[in-house]
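K.L.:
Sequence:
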Amino acid sequence: MTIAVDLLSSVTYTAGEELAFRMTTTVPETGNYYVLGGLYDSNFNFIPGTLFGVLLPSGEIYASNSQGQMTTWALLEGETEEIECKFVLDRTNVLVGLFLMKMAGEEASLDDDEQISSTTIALVGAEEAVTIEVTSALGAVVVVGMMAMMIKTLG
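Numbering (this note's numbering) for the sequence shown: -16 to 138.
Among the clues, some could well be false.
Here are the in silico distance ranges between beta carbons for each label pair [stated by the list, open to error]:
| # | residue 1 | residue 2 | range |
| --- | --- | --- | --- |
| 1 | Asp95 | Glu0 | 33 to 41 Å |
| 2 | Ser41 | Asp95 | 40 to 48 Å |
| 3 | Glu1 | Glu64 | 19 to 27 Å |
| 4 | Glu65 | Phe29 | 23 to 31 Å |
In case anyone wonders, no lab produced these hints; they're calculated from the structure. In this text, all values refer to a predicted model and were calculated from it rather than measured experimentally. A virtual CB, placed ideally from N, CA and C, is assigned to each residue, including glycine.
With the sequences and hints as input, model every part of the structure.
P.N.:
What follows is the structure in structure tokens.
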């Protein structure tokens, strides 16, 4: 089944700011589930010390990233859970991996639990986003220029 977020695959982000989004999970079978996250470099290498759980404290409306805690959800087969999230991360120019996990036992265990689905979001710093936009625009100018030259040559 799935885990998805209502963000583009690449988001302009500054470390330490709040990243607000909606996460939606749909589960394949009845069980207890949780969401883990971690940060990766641009080559998809895990950055040590960045593993976190998604925590939705009782009575709260927003889940957050937590180094030491996570919330588990008891869900029925095919059930969808929508979770409003507000994360604060200490890095930018990284990939955020989110993993929907199904518990094998009474306690969460990375050794025994099953990864059901995952999604990735690229957090791009503002300076990097400007570079990407300029590069894309420059590429479009080059293509248009090449087309104009071809038209002149054929004409």
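K.L.:
Enumerate the violated hints, using their earlier numbering and listing them in ascending order.
P.N.:
2
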